[in-house]
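Colleague: Required output: the full structure, derived from the provided sequences and hints.
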Amino acid sequence: MFRLFSMRLLQAILVMIAVTAIAFVMFRFVGDPISSMVREGATQAEKDALRMALGLDKPILTQFFDFVGQVLTGDLGTSFRYQQPVVSLLMSRLPATLELVIVATFLALAVGIPLGVLCALKPHSFLSRLTQATTLVGISMPTFVTGLLLILVFAVTLRWLPSSGRGDLVDLGLWKTGFLTLSGLKSLILPSITLALFQLTLIMRLVRSEMIDVLSSDYIRFAFARGLPRAYIYGRLALRNALMPVVTVTGLQIGQLIAFAIVTETVFQWPGMGLLFTNAVGYPDVPVLAAYLLFVGFLFVMINMIVDILYTFIDPRLRTR
Amino acid sequence: MTDTKTPVLDIQKLRVEYPLASGDTLVAVKDIDLLIRPGEIHALVGESGAGKTTVGNALMGLLQAPGKIVSGSIEIAGKPIDLCTGRTEGIVPGRDVGAIFQDPMTSLNPLFTVESQLCEGMLAHLKLSRAEAKARALELMKAVGIPEPERRLGSYPHQLSGGQRQRVVIATALACSPQLIVADEPTTALDVSVQAQILKLIRDLADQRGVGVLLVTHNMGVVAEIADRVTIMQNGAVVESGLAREVLTAPKATYARTLIAAVPPIEIRLDRLPVPSEETQVTLDARASVRSKSTKSETGSRDDVVLSVRALAVEYGGRSLIPGRKASVFKAVKGVSFDVRRGEIFGLVGESGCGKTTVANTIAGLVIQSSGTIDFQGTALGAKREKSVRKSLQMVFQDPYSALNPRLRINSAIAEPILFYKLASNAEEARQDARTLLEAVGLPADAGSRFSHAFSGGQRQRIAIARALGPRPSLLICDEPTSALDVSVQAQLLNLLKDLRDLAGLSMLFISHDLAVIRQMCDRIAVMKSGEIVELAETETLFIAPKHDYTKELLRLAPSLDRILSRQAAE
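Taken in sequence, the protein lines are chains G and B. Okay, so the first sequence: first residue is 1 according to the UniProt record's numbering, each after it adds one. Okay, so the second sequence: first residue is 1 according to the UniProt record's numbering, each after it adds one.
Just so you know, the hints here were simulated from the structure itself, not pulled from any lab data. In this text, all values refer to a predicted model and were calculated from it rather than measured experimentally. Mixed in with the good hints, there may be bad ones.
[Stated by the list, open to error] The following label-pair restraints were derived from C-beta to C-beta distances: (1) G/Arg240 x B/Met105: 16 to 24 Å; (2) G/Gly173 x B/Met105: 49 to 57 Å; (3) B/Pro80 x G/Ser209: 34 to 42 Å; (4) G/Phe106 x B/Met105: 36 to 44 Å; (5) B/Pro80 x G/Arg240: 48 to 56 Å; (6) B/Leu138 x G/Ser209: 35 to 43 Å.
[What the hints assert, rightly or not] From the derived model, a few chain B residues whose C-beta atoms are all more than 12 Å from chain G: (7) Val305; (8) Asp375; (9) Glu416; (10) Gly505; (11) His513.
[What the hints assert, rightly or not] To give a feel for the contact side, a few chain G residues facing chain B, derived at Cβ under 8 Å: (12) Leu215; (13) Asp218; (14) Tyr219; (15) Arg221; (16) Phe224; (17) Arg226; (18) Leu228; (19) Pro229; (20) Arg230; (21) Asp315; (22) Pro316.
All C-beta atoms in this analysis are idealised placements derived from N, C-alpha and C, irrespective of residue type, glycine included.
Modeller: What follows is the structure, given as structure tokens:
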């Protein structure tokens, strides 16, 4: 158990070193930031002064170690565009994205798992046919279309829910949350449904096929032969086996959502990290991009590690004696 | 405890039908009668498709839709079953009828502890408290003879051996003290030594607790070992039923006689096993043609060594993420040496995990040895092999269902290696060869235009053999070629392999866990245990005067019709 954990940690560190190197290379070689930062017609002396101020004149290796040192102390540089520390930029955007993703994931799991079980147990019932058909539409429609449709119906026509922004926020110091106000919660509904739809379909289909597999296994037949209550067999014995791959997929999907909720955030003008990233690409705001790359790498590494550790708790076969 | 007069199971005129997509119905069970008294073990015997498992499922209410009971009656402990629901009023599966399934590796849920799986039935049916259930679970673990029962309760299934798992399955079946146990092939997936222990356990349960047992099996040795009565089924109908000893020694029905005769005896070596139908002239002609082709390349005498294996060792695992550190190594084969001579059938026998299949895979080049040499017709075999070597070494696998590509027509499947090794000048000639090979293994030549799913297990194995013969090999490796097949089909295939050896001068490496099959087939035998050969001798020497204790043990434990019958006659 401990060995497994330390092995995973070691791998995580290796991956993070690689990601840092890539982020640094990007920092250093993607275009010359000086040319986009200085005003038009600046003299060479002005450019050199700026270059020295940013430390871009030192040898590459020194720059890399400086960079690693800064990253380790939590300093990700200063945004070229906003002239603010990147960390505080990220921290101002992170809560918006995280709250959106948490709600979307919760929705996807809470609706997707029961629907998947239903479709596996009663494949010919009206409800499961309806679910299968609807989710097929859900998975094949691009996110921005579903988002716009939802805005059209619930924001423009019915005027039930806001169409953009986070609503009123409560400041908890480092974290500004929309969970504590009515308008904040209302603002979360449409974007989270939009974001959840794809995950929901994915989880539903995964649970369904896994459940069908598990139900035909010997140990479930054996459970029936022992006359155990149906609800117990489906809800506990079979579902736990069927949920194994769902853990992996959900973990990876959470990473995906946090990192790439860009489309949904754009449609709903959600002040999350996606918007920050899109703007940075256009500028090019290299410190933000590099920090973003580091952050996403870190996120995936962490999520994968958590999934692996969760696995050993769920599946006793992975625990070493 | 139970009323000894009321039968625990009374089936009368039971008929189970499956409506087919075509509109017809398949009658899986045709009006059968079956009676089991308390303390009696009743064996239900037949080949695959005979309907024996359906009977067990019907009385447990486990029939798979769309199958249904059409007529007849089932009474469990005097209470009739409701034919519509498949359930008996007052009879709860699990509480009154216990089940034991075939494969202990898959019948326990991998994510739950032994304790949880033992207790859940008691909590549901007997309304025991958790502590009471746990106490009883401990008692059951002791009753089925699991060492360290307290610790094992907290174990997960994967931490137990196959035999221990089957004991846990039996303990779960017993948990609510049922009057009837349905055991569907309870020992088929187990090694002989474990099989002997499990059979004894079931016999003791019947004797001491008065449990009635319906034992579904295809193994006559198992029937002879523990059954009181036996019912032989064929195509859903009862062919013969009576006291086990009488039916086994003097079967009356023709089918019963052929079925019992087809069981390979372990005591005596027969030239050919008796089979219902013998080969036709077409088959014999085709074989002659196969022989004339293969003997062209065969020179040299019968005593030549074709394959010589020296100090072969195979290790698995061993690579670690951290360089310089060796992870745990599993030694599957530890220094095995033997020779296979021309025209000889060399047997490798041993229990599961002894490394016999690894040896075969290494010779075939599917696994690379860690050390040791394999010398095949004067060429040392390593990771890279000449085409001519690969051509001369062909393999027949255990499971005929997965050994054939379902998307290839049989003709193409057989012609493929012939073309690959350029043994035919064009595709038409290769197809002609394929047809001859099909005839040689006793299949009609037009079988080649169909796909593998159109064939039964035995026919598929014949096709696999024909495919292996295509490249005109000089050594055929057969890894448990008949263990997935019924006895009568097994008898036909064993005869076929022998004929091919005699006709084509083929050498064979024959791997099996079944000592009776080995005795019928092999000229010399190596007995393997934990990766080593413990004894190597001529077949007759080994069976008559085994030297090593392990060989003696294997021979003693193998269930054998004749031995048990003669022992019972003596009593």
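Colleague: For each hint, tell me whether it holds in the structure or not.
Modeller: Cross-check of the supplied hints:
Separated by about 19 Å at the C-beta atoms, G/Arg240 and B/Met105 satisfy the suggested range of 16 to 24 Å. Distance hint for G/Gly173 and B/Met105: a CB-CB separation of about 55 Å, consistent with the stated range 49 to 57 Å. For B/Pro80 and G/Ser209, the hinted distance range of 34 to 42 Å is satisfied, since their beta carbons lie about 40 Å from each other. Distance hint check for G/Phe106 and B/Met105: the Cβ-Cβ separation is about 37 Å, which falls inside the suggested range of 36 to 44 Å.
One distance hint, 48 to 56 Å for the beta-carbon pair B/Pro80 and G/Arg240, is violated here, with the actual separation near 37 Å. About 39 Å separates the C-beta atoms of B/Leu138 and G/Ser209, a value consistent with the hinted range of 35 to 43 Å. Remark: the non-interface label on B/Val305 is consistent with the geometry, its nearest Cβ contact in chain G lying 44 Å away (cut-off 12 Å). Residue placement check: B/Asp375 keeps its beta carbon more than 12 Å from all beta carbons of chain G (closest about 40 Å).
The beta carbon of B/Glu416 is kept farther than 12 Å from every beta carbon of chain G, the shortest such distance being approximately 32 Å. With 12 Å as the threshold on Cβ separation, the claim that B/Gly505 sits away from chain G holds: the shortest Cβ distance comes to roughly 45 Å. For B/His513, the shortest C-beta to C-beta distance to chain G comes to about 22 Å, beyond the 12 Å cut-off, and the non-interface label holds. For G/Leu215, the interface hint is violated, the least distance from its beta-carbon to any beta-carbon of chain B being 11 Å, above 8 Å.
For G/Asp218, the interface hint holds, the least distance from its beta-carbon to any beta-carbon of chain B being 4 Å, beneath 8 Å. A distance limit of 8 Å between C-beta atoms decides the matter here; for G/Tyr219 the minimum to chain B is near 4 Å, and the interface restraint holds. Given the 8 Å rule on beta carbons, the hint for G/Arg221 holds: about 7 Å separates it from the nearest Cβ of chain B. The criterion of a C-beta within 8 Å of any C-beta in chain B is met by G/Phe224, whose closest approach is roughly 6 Å, and the hint holds.
Checking G/Arg226 against chain B: minimum C-beta separation of about 4 Å stays under 8 Å; hint holds. Here the hint on G/Leu228 is kept, as its CB sits about 5 Å from the closest CB of chain B, short of 8 Å. Below 8 Å, beta-carbon pairs count as interface contacts, and G/Pro229 has one with chain B at about 6 Å; its hint therefore holds. Against a cut-off of 8 Å between C-beta atoms, the interface hint on G/Arg230 is violated, since the closest Cβ of chain B lies about 11 Å away.
Look at G/Asp315: its Cβ gets to within about 6 Å of chain B, closer than 8 Å, so that hint holds up. Proximity of G/Pro316 to chain B holds as hinted, the smallest CB-CB distance being about 4 Å (cut-off 8 Å).
In this structure, the earlier hints numbered 5, 12 and 20 are contradicted, and the remaining ones agree with it.
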